[in-house]
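Residue numbers (the numbering used here), protein chains in the order written: chain X, 1 to 238; chain R, 239 to 513.
Source of the hints: derived by calculation from the structure; they are not laboratory data.
Do not take every clue at face value.
[Stated by the list, open to error] Here are the simulated distance ranges between beta carbons:
(1) R/254 x X/64: 23 to 33 Å
(2) R/309 x X/173: 14 to 24 Å
(3) X/126 x R/478: 25 to 35 Å
(4) X/198 x R/386: 53 to 63 Å
(5) R/319 x X/210: 35 to 45 Å
(6) X/210 x R/366: 25 to 35 Å
(7) X/210 x R/427: 31 to 41 Å
(8) R/353 x X/30: 54 to 64 Å
(9) X/172 x R/349: 25 to 35 Å
(10) R/351 x X/173: 57 to 67 Å
[As the list claims (entries may be wrong)] Which bits of chain R does chain X cover? Going by a derived footprint, with three or more residues having C-beta under 8 Å, they are:
(11) 302 to 309
(12) 443 to 454
(13) 484 to 492
[What the hints assert, rightly or not] To give a feel for the contact side, a few chain X residues facing chain R, derived at Cβ under 10 Å:
(14) 34
(15) 150
(16) 154
Cβ atoms here follow ideal geometry from the backbone N, Cα and C, with glycine treated the same way.
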Amino acid sequence: MMISARAYGDNGKMKEHHYTGPVEHKFSPYAFNGGTVLAVAGEDFALVASDTRLSEGYSIHSRDSPKCYKLTDTTVIGCSGFHGDCLTLTKIIEARLKMYKHSNNKSMTSGAIAAMLSTILYGKRFFPYYVYNIIGGLDEEGRGAVYSFDPVGSYQRDTYKAGGSASAMLQPLLDNQIGFKNMENVEQLPLTLEKAVQLVKDVFISAAERDVYTGDALKICIITKEGIREEIVPLRKD
Amino acid sequence: MLNTSTKTLTGGFSFENTRRNAVLEANLSEKGYSAPNARKTGTTIAGLIFKDGVILGADTRATDDMVVADKNCMKIHYIAPKIYCCGAGVAADAEVTTQMMSSNVELHSLSTGRPPLVAMVTRQLKQMLFRYQGHIGSSLIVGGVDINGPQLYSIYPHGSYDKLPFLTMGTVTFSLPPFFEQTQSEQNLEEAKQLVRDAITAGIFCDLGSGSNVDLCVITEKTVDYLRAYDQPVQKGLREGTYRYKPGTTAVLTKTVTPLTLDVVDESVQVMDTE
């Protein structure tokens, strides 16, 4: 290594540098716990799927920590990001759902839950919940609905959306297989429940190959007018 | 002395851009971007001396930040006929360092007329790594058999080394030594292979930076057994759907045909493996 002459003082010794001002120790209130969520809306069904791995840094905290939370008989929310904020946010949503039910004598619809979540998230615009949310459920007409959010409450209704650590790997695949993007001369059949479930399983198997935060197991919540059914599929554990 | 308007040439690392990079990183991190990182191997590597020789073990995952870049890379590198080296840390550094060592060792052994010593490899490696003050980010486990018997050394990026009958390195260093505390150097081959396999498997499952298969390299006085994919504790999931595209799926925007006036001399057909 070459050192310039300016590093030496008049006495021939190297100059000492001491920082004498205040020192700021950075404490980060957030942690990244990994995990991927995915939601797909069909003609008369909705799917919300998530992996079940909870990690931090290079370690695994739990192999059985699903990220889908059931809100009502027709709505499931998937939350990934900072697990502490996921837990608090779902507690708050559940409390607000109860309050609504007691005041209005009916359950909240998916669209209403989405609108409410947007206001809850924006309420902490200057110290956000570090959570990527996706709501999946049936709307008032019984059609599948997916609402995707950013950490501060911007949302929109989608047909399909992936969120979390492997979202950048899953979203393009869904765009191609469900949205038929970048394809010609392909029969655009409407998405059936069986095809959607198969696609979600395959897509998570692929994500687990390349994303270190995704793996262990996949939990799919299938929402139809009959109710909410769960399916669990094992994924790579490494 | 001439007023230096010409810069003196310095070989090796150039640190001119460090200040600019620090400023850029500070500005960019406000917008949420981070500077690109060198690809690290994540990694779990281990070495063990048993009755007849040395066993080296490694996982096979290479990561680019937290995305798997290579699912089946080789982390056990050849240095000399009876000396192999496991590399953790920055993938390029481990690869190039061991290749350079391999060349140097061959030249040295031609010059001395004797087979190389593991201690010699270790000394050359540590002297080089110390010279680079830790900027070459490779942690290595060197194991081999020479005239003094089986030996195992670990070398850290800043140039320090340890000589031990058992070694573990990589991101899960703290969880593996308990496995190895149970070893005795009088173990036989099968027990020793099983122990190293268990240790690497623990890393594969518990460390996000390690995964895929277990590679082993068994070095004895008589033979070297490079067991690539000795164990595959994780199977790739089976996809149910088919994702093949029929010809014509991708839109053709323009087509230009340029005929070449050539004579056909010979024709051979090689069938593509489409499944």
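Quick check: which numbered hints come out false for this structure?
1, 3, 9, 15 and 16
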